[in-house]
Amino acid sequence: MLENQQKLIHTFGALAELGHEVAHKQNFQEMIRTSLHLVLGSLAIMRGGVARFSRFGHELNMLVMRGLGEDFPLSLSLSQEDERQFLTNGLAPIEVSQAKILPLLHVYDRSFDPAKIELIVPLIIRDEMVGVIFLGKKATGEPFSSYDKEIICAMARHIGVGIAQRNLMAELERRAEENRHLYENLRMTYKDTVKAFAAAIDCKDKYTEGHSERVGKYSEIIAAELGYDDNHVEGVAIAGYLHDVGKLVVDRNIINSPMRITASENAQLAKHPSVGYEILLPIHHPYAEVPLAAKYHHERLDGRGYPDGLYDKEIPFIAKIVNLADSFDAMTTDRPYKRRRVAEEVIDDMHRNAGKQFSPELVTAFCRAMLKELTNDKKQKNFRRLLGKDYLNSETVVPMLKNVLNARNATSSLTLVASE
Amino acid sequence: MNIEPNVSVQLVGETATVFAGDYINKLSGEKIERECQRQLNSGCKTLVVDFSRTEIVNSIGVSILLGVIDAASNAGAKVVFSDINDDTCELFETLGLIGHVTVQN
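Chains as they are written, first to last, in the working numbering: chain A, 1047 to 1466; chain B, 6 to 110.
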């Protein structure tokens, strides 16, 4: 009686420890290794192993073994009949001596005999096979009693749940990775489509080839300088790429006119922001403000812009960024009716028009980004690549940018003092 | 706190005595197993596991001791369990470990 009581305490101790192990262990391999120790130690079984079932390869892959010998296979192929029998059997331990009908035992008899396997326990969780436990003989040499089998069955259920949880996590991780990959592909496709669209827009205008792409890049520079996160910077760049999409419906002759256009032609051209908005609005962009940038990129802070003559705070911020990028490109590229302006003039123009046409904050950010590049604070050469390497003369442009930034800082301090 | 348990070994001729700690669980048990395997690999013919300081052996400890017995049997060595307390001795008897070793008190 005392003997049975001690055995009972020992076995229940093992069961309790196994439950804790499966529920709390973070390391799967360690959990399986400890679980096998607990199964073997609870009933003093001389040897054993735990295998995980792969339903893709229809095989059992050994996760841990004790005393099965070096020749025991690390992977065992299962036939459909093996799987069927295991599923029908459930979690109950199968005695090898009475289960010669299992094809597995015939295929691997040369491995099972020396390893002295006596029991095979299929790990069936929610009608799915997740693995198998192989067990050798007991240290007493006695056959497994029905009580022993009940204990093994309870422990097998714990281990099976542990493996099923791990499988579930692996599947979730795989799907998450697949989704990340799909999302990345989709994003690349979106960006490529946007760039192709930008090229198509610029095709209409032989003088401004690459304009949309440059506006995209300048917008990106401004957003990055403002400290936006990568996603936000990308959204602003996309808005720059697509800002002129409305020009697709404007007559090519108006766009390419070598002289100043007439009032009626100008009226047609002035429709392109609203048309662009209509084109972009039905598209589900990852960045919601893209259509707004197209619609309002010709608005000015002083209300003299178009199409709606909005004032400062009424203009979406993204449209202010694209407006500055667009104007900068217009001033720094040759047009049918005028040559591009020198850098110093362009910087002066931006400075003078800060607060009227352009947002002062954005002029500051743009000048700061340019100064950083020219003074080698940044390794990137965005401006030189977009403007040509000789356009920005550091000797004259750097002092000018510093003056503009000092003036702008002084203005913001005064504004701050005034508002206080 | 994860403290490496102290398992000491005494070697006399071909007999190695491994002194187990107060509680044989996974941490201490695996150290005993590694030490026993090392002694068997060095040609030890009698492996004495001294339990004089051992109060409790859990299921993991039993599994590890079975591994020691198996390894010794494969190496043609004899295993001796010495100074087992009454409770542990009773447990080993119930589980059938005693049949594979020589008990010495």
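Heads up, a few of these hints could be off.
Claimed, not checked - Derived SDA-like pairs: lysine to any residue, alpha-carbon spacing no greater than 25 Å straight-line: (1) A:1053 / B:35; (2) B:31 / A:1331; (3) B:31 / A:1383; (4) B:31 / A:1437.
As the list claims (entries may be wrong) - Across the chosen pairs, the derived CB separations fall in these ranges: (5) B:28 / A:1193: 24 to 34 Å; (6) A:1054 / B:27: 20 to 30 Å; (7) B:50 / A:1050: 12 to 22 Å; (8) B:28 / A:1054: 18 to 28 Å.
Hints in this document: simulated from the structure, not taken from any laboratory.
It should be emphasised that the depicted structure is a prediction, and the values quoted were computed from it without experimental measurement.
Every residue, glycine too, gets a C-beta built ideally from N, C-alpha and C.
Here's how the hints hold up against the structure:
no., hint, result
1, A:1053 / B:35, "holds, 23 Å"
2, B:31 / A:1331, "violated, 57 Å"
3, B:31 / A:1383, "violated, 86 Å"
4, B:31 / A:1437, "violated, 73 Å"
5, B:28 / A:1193: 24 to 34 Å, "holds, 27 Å"
6, A:1054 / B:27: 20 to 30 Å, "holds, 24 Å"
7, B:50 / A:1050: 12 to 22 Å, "violated, 37 Å"
8, B:28 / A:1054: 18 to 28 Å, "holds, 21 Å"
Hint compliance for this structure: hints 2, 3, 4, 7 are broken, all remaining hints hold.
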